[in-house]
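Participant: Take a look at the letters that make up each chain.
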Amino acid sequence: MKFSSTTRKAATIGAVAALVLVGTAGCNRASSGAGANPKVVLSLSTLNNPFFIEVRDGAKAEAAKKGVDLEIVDAQNDSAQQSNQLQTAASGSAKAVIVNPVDSDAVGSSVSALNKGDIPVVAVDRTVNGATTASFIASDNVAGGEQAAEDLAKAIGEKGDILVLQGQAGTSASRDRGKGFAEGIKKYPNIKVVGEQTANFDRATALDVTTNLLQAHPGIVGIFAENDEMALGAIKALGSKAGTSVKVASFDGEDDGLSAIKDGTLSSTIAQQPAKLGALAVDQALLAIDGKATKTVSVPVVSVTKTNVGDFSK
Amino acid sequence: MSSIAAKAPTRSFSFTKFLANNGALVGLVVLCIALFIATPDFLTGRNILNIGIQVSTVAVLAFGVTFVIVAGGIDLSVGSVAALASMSSGYFFSTSGLPGWLALIAGLAVGIIAGAVNGLASAYGKLPSFIATLAMLSVARGLTLVISDGRPLPTSPQVSFLGSDIGPVPVPIIVLVIAAVVASFLLNRTVLGRSMFAVGGNAEAARLSGLPVKRIVVVVFALSGLFAALAGLLLAGRLDSAQPQAASGYELDAIASVVIGGASLAGGVGRISGTFIGALVLVVIRNGLNLLNVSSFWQQVVIGLVIAIAVGFDVLRRKTRSS
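Top to bottom, those sequences are chains S and U.
Letter by letter, the first sequence follows residues 1 to 314 of my numbering.
Letter by letter, the second sequence follows residues 315 to 637 of my numbering.
None of these hints come from the bench; they were simulated from the model.
There's no promise every hint is true.
[Said to hold, decoys possible] Partial list, derived from the structure: chain U residues whose beta carbon lies under 7 angstroms from chain S:
1) Gln-368
2) Arg-465
3) Val-527
4) Gln-557
5) Gln-559
6) Asn-604
7) Leu-605
All figures in this text were calculated on a predicted structure; none of them were measured in a lab.
Just so you know, even glycine gets a beta-carbon here, dropped at the ideal spot from N, CA and C.
Next comes chain U alone, as it looks inside the complex (with noise of 0.2 angstroms):
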């Protein structure tokens, strides 16, 4: 008697559960419902193509994100760590004189050095992550200027290829598709992905049934700066240059896309389908908003507000879980 009345709640439908667990998808839908009456514009081929292009630089660094959100850390160097990377690539290429395809390759490096320099301070130089990547958010961001003496770089042809449109499908598109299918493996199907959790989980009791935290850790920001620097290197395509100021503010960007999906602060939850919804819900309100042109100034209104409901939920799933 008992185990049924245990097991009822879970089958009948629950509105709120399933609300709380699919919140950001269920956002997405409603906005683009909205929009669609809004304008005609919006459910147009080449908009929905518009949007996935839009949507890739965001997404990709938001993928490195949630790995080291999940692990129980924050990466807030993301944006500069992206500009180090493609300027980097750029002064390879252009300065330097490295075959295309090998600057291409330095500036990926570029970003793992970056992105394991953070893991280093944080696992092994005690630093919280907060101020690790605080402080490279600013050393990657100076270094960029420095390499660049704040004037653009022309990119390799490689980094060009990038941004451009195989047939009808725009490359960025097919880059964010295999980082999805790529970070999403990594996540759940490997010892890596699952240590993550448990770090993020509890990094104490990852520690004593044996893990490398560590080591897990210095990985984890070391992805981050990989995906990072891809993102920058997609975004120096579209542009056909390596620009020092991009990706400014991008960190914030991809922090909000993994909580409005689902990921909690706190560490040991979050997904990669979750993160992309988030960036794709970021990327529609500013499409949207676009289209039917409203000002700048009540998109960042907007963004803030969906931000604070996506954490509503964060809080309101961890009370259902609870009780």
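Extracted from the complex, chain S is given alone in its bound form (with noise of 0.2 angstroms):
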């Protein structure tokens, strides 16, 4: 089992220049194209999160259904380090790129880059200010805050205080669902927000600042959570109340949040359909490179509450 010296030289030089060869195509965008499937970027603003790791999986299966060699990059939610994938996506060989912006008008510039390389982009989840998008694809946020605002009101008949938690602060997903809820919540003169606080998305915050909060306002009936993490951490706080004597009302419909549904811990969620978010944007993408993307797909979102969890439930 012994290779001898020239063997293992010769093996080296062979693995360097196979290593240069591929480099080299890499930079040379006509020799991959031809036969081979089309190459697609599809940048997420964070893989640190399961709602995005739902649009990855969606759109991974659509891509293997349709043939589309997809590469995928994860800006960490940093909008510089995104938009550096994007200037390599742009001199790469890409036919399109979907990109779910970190922040809408960060991107643009590098948006704009890909648009004058005629590369079509579709949006995902959020949108691009100041460049043009093929497509932009995402669930209606302020309708599902509305939503979620009438499932919290006819969980807690109505009446009563509440608290708010709210995501992180200047993402468009926080700002509009706390738009549709306050919208939505005006419509019951005798339910009063009685706290607003933002628990940054996450659950351990929310856990933190919702156990101060019931300090302040032990009598509260019913807590509205931006996301289905925030609203794990309020149970958690809430202990033995949760679901009982206070009603939690969330977004996001994902597993975690499903099965706190079933529970009966959490009252209902407003469920995004992440998986079809991907799915629908590698198709959009598709459809871009002959020119022929929709502008603008809504997908629907759901209230889920016990009566029809089943359904969604994997």
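Fit chain to chain and form the complex, with the hints in mind.
Facilitator: Written as structure tokens, this is what we have:
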């Protein structure tokens, strides 16, 4: 089983040569296009969140079905990193780019560069400002927020004091859901929002913030959390009150959120369909290569309660 | 005559000196009185317990960082290491099928290993600890995501126990007290603790007087990793799950606690009791401002100002000492 030094040398040289060849082939846009599957780059804001993982999984499955060579990059919630990744995509062999912006404004200039290179761009979940996108695919967060307000109002009998846990400040998801919820809850004059604090879409932060808020407002009957993660933190803080004397409504319809609905601790969530977002993005990217994409695709949101939770769990 | 004159200033009460040496404690008391006046909900038994639970994670994390800072280094990786330890523990339990208590110990072991790697890189690899632990911050968080694929994992009942209550007493507070006693003992009553002060005060002098400086540095970072892992498991216990994004940014809270508590970033100075008070200051501010429904944007502003004032005291203290 011993290799002679010459074979080892030859193998090393061969390996290096192969690497160089692969490297140069990657730079040459024309060589990889012919006959092979079209290459699409998917740039996600973060993979540190179950929601975006489902977007990724949906896109992956659709790409496999449609014969798309999908390259996934993770911007780790950093706009600068995302712009670098999009620049790489612009100079690579991508036929189309799907982007889920970290920040709608910051991504504009890198998308303009892709526009100039005639590479169509599809935006998912968040819009791109200051550049052209072939298609924009998102759930309707404002409508979802309003729906959440109605669900919570129904659950608490249309009266009482409630708390709101806001998501990360400055994100369109938090803004839109908050706006929708505020509009929705206005229709119920007997419901009063007595505390409103951000918990950054994070479970641990929501646990602490809710615990603190409960000290100041022990008599509340409801909590709206702008995502499931925060709702689960709030439920932990409420203990046995969750689902009994205090109803919790949230947004996202993640796996953990759905199990909480089954357990009765979470009264409702607004299910987005992240996997569908991902799959539709791949479809639109393919259409965009031929210039046939649809400008805006709205994916409906659905209220999930104990009665229909069975339809959503996998 | 001259000896009396030299003794006199230490006997007379100097307000500046008292403030400089107990700045954090005085600040904490003032803060508590102000919050008690501002909101009746602050000084209730339940809220005191809440503060105790909330301070446990930050304080345990900060105890480990105190060792590192006393020894003249810095540890930026503790938040990520906490997340990695809790995620590993969750993985060993839920995916590898290890018994719960073994999964808990494995989580702690992961923390010690990550810390030891920090120590090896800075002692033998000659990396500044700022860089070594900055690299670990990224590596550990990345590994956490690799293990979890970005999804939360369930934890063992033994880890969940860390987040429960024994009668009226929350377990995190018990763990906090034990960790504080152990950390304090290590720092003040052991050869290792005295070596930390010696290395932080002057590493070259410590080496020349025969101390195994490199080995001490490795042990100090390993200890920091262990305390970080314990903090991560406490947090996972409270949430009944290991979260991939858990404890993000906690390293800054830990460093802030140590600094507010009077330790010097130049090394050689620090107290566990001070660090505990520093952590309490941070948690009480957040708790109080939540109770008053002040926006979290202002909370960040206030915490930043407190850190600046605390470091101001550090400078003042060194001046009064040298004069």
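Participant: Should the interface hint for U/Asn-604 be scored as holding, given a Cβ-Cβ cut-off of 7 angstroms against chain S?
Facilitator: Where the cut-off is 7 angstroms and the nearest Cβ of chain S is about 4 angstroms from U/Asn-604, the hint holds.
Participant: Under 7 angstroms is the threshold here; is the Cβ of U/Val-527 close enough to any Cβ of chain S for the hint to stand?
Facilitator: 36 angstroms, violated
Participant: Hint check: is the beta carbon of U/Gln-557 less than 7 angstroms from a beta carbon of chain S?
Facilitator: 6 angstroms, holds
Participant: A closest beta-carbon separation below 7 angstroms is what the hint needs, so does U/Gln-559 meet it against chain S?
Facilitator: Interface hint status for U/Gln-559: holds (5 angstroms vs cutoff 7 angstroms).
Participant: Does the nearest C-beta of chain S fall within a distance shorter than 7 angstroms of the C-beta of U/Leu-605?
Facilitator: Holds: closest Cβ of chain S sits about 5 angstroms from U/Leu-605, inside 7 angstroms.
Participant: Classify the hint on U/Gln-368 as holds or violated, based on whether any CB of chain S lies nearer than 7 angstroms to its CB.
Facilitator: It holds, given that the least Cβ distance between U/Gln-368 and chain S is near 5 angstroms, below 7 angstroms.
Participant: Does the interface hint hold: is U/Arg-465 within less than 7 angstroms of chain S, judged Cβ to Cβ?
Facilitator: 5 angstroms, holds
When held up to the earlier numbered hints, the structure conflicts with hint 3 and nothing else.
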